[in-house]
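Protein chains in written order, with the working numbering: chain A, 51 to 322; chain B, 16 to 323; chain C, -4 to 472.
Read the hints as simulated data drawn from the structure, not as lab findings.
A few of these clues could be false.
Claimed, not checked - Where chain C lies over chain B, by a calculated footprint (3+ residues, C-beta under 8 angstroms):
| no. | stretch |
| --- | --- |
| 1 | 170 to 176 |
| 2 | 248 to 260 |
To be verified - Okay, derived cross-link-like pairs now, DMTMM-like style, lysine to aspartate or glutamate, Cα gap no bigger than 25 angstroms in a straight line:
| no. | chain 1 | residue 1 | chain 2 | residue 2 |
| --- | --- | --- | --- | --- |
| 3 | A | K52 | B | D178 |
| 4 | C | K235 | B | D287 |
| 5 | A | K56 | B | D89 |
| 6 | C | K221 | C | D101 |
| 7 | C | K235 | A | D152 |
| 8 | C | K235 | C | E224 |
| 9 | C | K194 | C | E217 |
| 10 | C | K235 | A | D216 |
| 11 | C | K194 | C | E168 |
Said to hold, decoys possible - Rough simulated footprint, nothing fancy, chain B against chain A, three-plus residues with beta-carbon under 8 angstroms:
| no. | stretch |
| --- | --- |
| 12 | 71 to 77 |
| 13 | 95 to 109 |
| 14 | 285 to 296 |
Every residue, glycine too, gets a C-beta built ideally from N, C-alpha and C.
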Amino acid sequence: MKSFLKHLVVALAAFLYAGPILFMVVGSFKPDADVLAEAGSIQALLPSEVTIQNYVDVFERVNFGRFFLNSLFITGSIVIWGLFVNSLAGYAFARLQWKGRDALFLLVVLLMILPYEAIAVPLFYQVSLLGWRDTYIAQILPFVANAFSIYLFYTFFLGLPRELEDASRVDGAGTLRTFFEIVVPNSKPVFATVTIVTFLFFWGFFLWPQIVTSGERVRPLPVAIATFHTLPPLKWGDILAFGVMMVAPVLIVFLVLQRWFVRGIASTGSKG
Amino acid sequence: MTQPPSQRHRFRRRFNRPAFAGPVMAVPGVLGLLLFIAIPFLTAVALSFTNLRMGSPLPTEFVGLQQYQRIFADEGFRRALINTVLFAAVMVPVQTVLALSLALLLNQELKGKAFFRTVFFMPVVFPMALVAVIWELIYAPGPNGILNSFLDLVSFGTLGPVDVLHDPALALPGIMLLSLWQGVGFQMVVLLAGLQSIPGVLYEAAAVDRAGKIQQFLHITLPQLRNALIFTALVTTILAFRVYAQVEITTRGGPVDATTTVMYETVRTVFDRQQVGQASAMTVVFFFMVLAVTLIQRALVKQEREIA
Amino acid sequence: MRRVEGQELPLDFSPLFQHISHMPVRLTTAKTAPRSLIAISDFLSITFGITPCALLVILALAGCGSESPSDAGDAATLSAWAHAGRQAERETLAAQVARFNQTNSDIRIDLTFIPEGAYNSQVQAAALAGDLPDLLEFDGPFLYNYVWQNQLRPIRGLISPETYDSLIPSMIEQGTYNGDFWSVGQFDSGLGLFADRSKLEAVGARIPTHPSEAWTVEEFEEILAKLAERDPDGQVLDLKLNYRGEWYTYAFSPALVSAGGGLIARPEYGTAEGVLDGPESIGVMSRFQRWVEEAHFVDPNVDDNAFAGGRVALSWVGHWEYDRYRETLGDNLVLLPLPDFGGGSRTGQGSWSWGVTRTCPHPEAAGAFLDFLLRDRQVLEMVAANGAVPATRGAIEQSDHYAEGKPLNLYVAQLTGGFAVPRPRTPAYPVITTVFQGTFNDILDGADPRRALERAAREITRDIADNRGYPDVEAER
């Protein structure tokens, strides 16, 4: 009985929680006029009529593929370049002795609490003066170096046993070779964690691209849906279809790689 | 491989000294941070003492602390400060408690545990811009709106239709609710992993000592989860201060400043009104806000550690 | 500050993160990766694999999209920004640009649509970055600010005299500033009340046919009340509250003028105090607030279908809804002047028009493009798509909507009879409209009209003072 109750509570919570998602998916397959009209009834989840017209409309009205590729390219670039740049820096701070290291590291920690939003205004001004407005580079370059990622790498590398690196050095391998051949393969958890956290953050990045992009050429998905949402004619079915297509690929990747995905996120905070 | 030329060899030997390799490896990261965070921030500090306006043909002048006086005298900005702090002050405890409850629920013997975990985690992969658009529809006014039909159903018709996004008392809670929906899964997963890593022996020992469920929770679960809880609280705080996309898409700071935030005011000032100087002053204030909260949290964590 | 030494961390974040350093580390080599870690490398290779692919596709798209055809190698290419308006409008403009490019092998117009919501912000940002397009479309009253900022060049010498002479007076008025002529558009706008005739007749409402016969606001409120009695949810008026931005200033500031108030003191444009927060303006805004908050006459229109869907009898909207409304209501659709708030019915005017930027390398080519857009054929095509008032006399005569006795003749009567008020012709306009939009929203959401308007007037007046009254910087030099 107690177990039944427990299941009931969880199932109810899950249903409420999944409600908005179900509503989005079901709504995206409804004739446009029904989306709001049926929102208040059970038909919000059980459509009386099913159509893929909304999806067709999205492709007719805007260049969805372009937005998607833009997002993928921008986020992918930030993640990949970020892994490279930040892991190197994290390693230099964690393992190598050099002049000025401690002072610079202090700076990194200080910058960690400075959110991107706090520098959006001057950075916007700076990027505009550089002529980088409305480009990919303005959406990628400023975000590659990331104090938080450096910090995650730093703490992880501190915890790695030194013996492996020492052995590698004895074998005559240089610092970089040791890093790439010994340290990196043994640090997959932290690389995974940084990948996920950075990806999720920048996949949803909104404020910055909203102010530095203007046309459709380099517009990423979050800005694209905000714009689509105000583009006449107002069609809620189309907007929901846009939403489904925007989130489905990430959701599928997430479902497929779920165990690993969850572990990566959990490792940011668990005690292990 | 052929023998490398001696010059290259020398370079390699030099590079392999940490005193040399260290700075080289750190340079791309540190340079990036300096160029795109530190320098812009210092620029903001400098610009906040001027009346710089984008596009104005009039000369830019040094105005001292005028911009700061103005923003603190401005009703909208003062309201934004209050809203931002309020948002963080509500979101951090509520989201943490909710995430912990869900994690505890899912940490029990349960059929379809993975399924439920997936459901609660799914919104995390939704960009906030999309979440805001979906919830704007959920909050649609009139008796036919989703939220209103739901309220009507669960309250047996006693809770009348509400217009969340246009009601000064409900708009900010409305923004909080949708933010909560999107964010709680992340915290839940972190805490769930924390729960699962608590050694079962501890509970067995407690059971031998006849400690009740509540005592077990207070004396084993919570202390063992400490790091994970601090982490989730920290992340929630940082995210709470950044609240922008939800506001921009659903309410645009309204009704009557009820949902305006520091970030929202800053962006509007620079983007709609081209007041770079004034927006820079807001940026500096925002930074000190975040700094203050970080220092307070740090002090709390440290104090607690000394007690423990 | 403590020194960073080994595990010791400066700001004492260590307790937060030490768990990470305690994370169990699997010491492996690539060859013997345990099962559970394979997913990680899979994911990484997917990410690493997808990104270059996406880049290639983007480059390919950019290649087909923006590269000019081979014969356009030595053509003068002009970039142009237009607002992303209604679909038919966008399609018509795109088609006209394509036609122009086809017939003029030596000029190529490269058109970009910019979302309407942040249009001025985008222009300002582009101006700062020095990458304004060569041809810039903007909503009428923004012209004066762009001229003040020295972004545009006069076009009188660029367009043909015939084009200039064909323009209706309101278009010449809109484009003229500081003694020069700066912008032309294909259409002016029309603003009024669309109504469902049968619903009005059912409550015995008088149907005015000329702006001078407009309902007084008291009459309007009586009609709203009668309509509401017969309406299932009591919501009978659509104010297009689903729109954002410029709409509020365009559509509702004429009501302030009708009552004797306004946005700013004209014609000096030196202060908003005493005008925007004067008793007349407060009175008008209080009425709007009452309609929304107390009487619940106004449909929130979340689906933009309040009038076309038959939920309300009256829609306060511009020309652009004519086609859609006509389709659903047929002959039942009737166009009325906005109510008279005291000094006679007043309505909005002005619309999107084109200017040529200072940085445009081929101004004469830009002029040729504007001449092309202003030919009757293009103008008629555009107004057929968006229902606006044609900007040329020739097109008005040929149009089947605007001539005497035609359904939209009221718009022409408003524009030519002195019933339409231009939005303030001052470089302060962008600030005025931003402030007013926020204030209008606040008042509709329940803010005290007097306090909200006083705050708005103060803010606008301060901006003008900050800019030293927007002096003509060019002339000063």
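Task: Distance restraint between K235/C and D152/A, which requires alpha-carbon spacing of 25 angstroms or less - done: violated, 60 angstroms
- [ ] Measure nothing beyond the straight line between the CA atoms of K235/C and D216/A; if it is 25 angstroms or shorter, mark the hint as holding.
- [x] violated, 71 angstroms
- [ ] Verify the coverage statement for the stretch 285 to 296 of chain A against chain B, using a C-beta to C-beta distance below 8 angstroms and requiring 3 or more qualifying residues.
- [x] holds (count 5)
Open item on the list: Closer than 8 angstroms Cβ to Cβ for three or more residues is the test here. Does the stretch 248 to 260 of chain B pass it with chain C?
Closed with: With 1 residues in contact (Cβ-Cβ under 8 angstroms with chain C), the coverage given for the stretch 248 to 260 of chain B is violated.
Task: Pair hint K194/C and E217/C, alpha-carbon separation not exceeding 25 angstroms - done: holds, 14 angstroms
Open item on the list: So is the stretch 95 to 109 of chain A in contact with chain B by the C-beta rule, three or more residues under 8 angstroms, or is the coverage claim wrong?
Closed with: It is violated, with 0 qualifying residues against the three required.
Task: Given pair status - E168/C, K194/C, alpha carbons within 25 angstroms - done: Violated. K194/C to E168/C sits at ~38 angstroms, over the 25 angstroms cutoff.
Task: Given hint D89/B paired with K56/A - CA-CA distance at most 25 angstroms - done: Violated, at roughly 51 angstroms.
Task: Pairwise hint evaluation, D287/B against K235/C, where the allowed Cα distance is 25 angstroms at most - done: holds, 22 angstroms
TODO: Would you check the hint for K235/C and E224/C, treating anything up to 25 angstroms between C-alpha atoms as holding?
DONE: Holds - the C-alpha atoms of E224/C and K235/C are around 22 angstroms apart, at most 25 angstroms.
Task: Given pair status - D178/B, K52/A, alpha carbons within 25 angstroms - done: violated, 39 angstroms
Task: chain B covers the stretch 71 to 77 of chain A, three or more CB atoms within 8 angstroms, holds or violated - done: Holds, because 4 residues of the stretch 71 to 77 of chain A bring their Cβ atoms closer than 8 angstroms to Cβ atoms of chain B.
When held up to the earlier numbered hints, the structure conflicts with 1, 2, 3, 5, 6, 7, 10, 11, 13 and fits the remainder.
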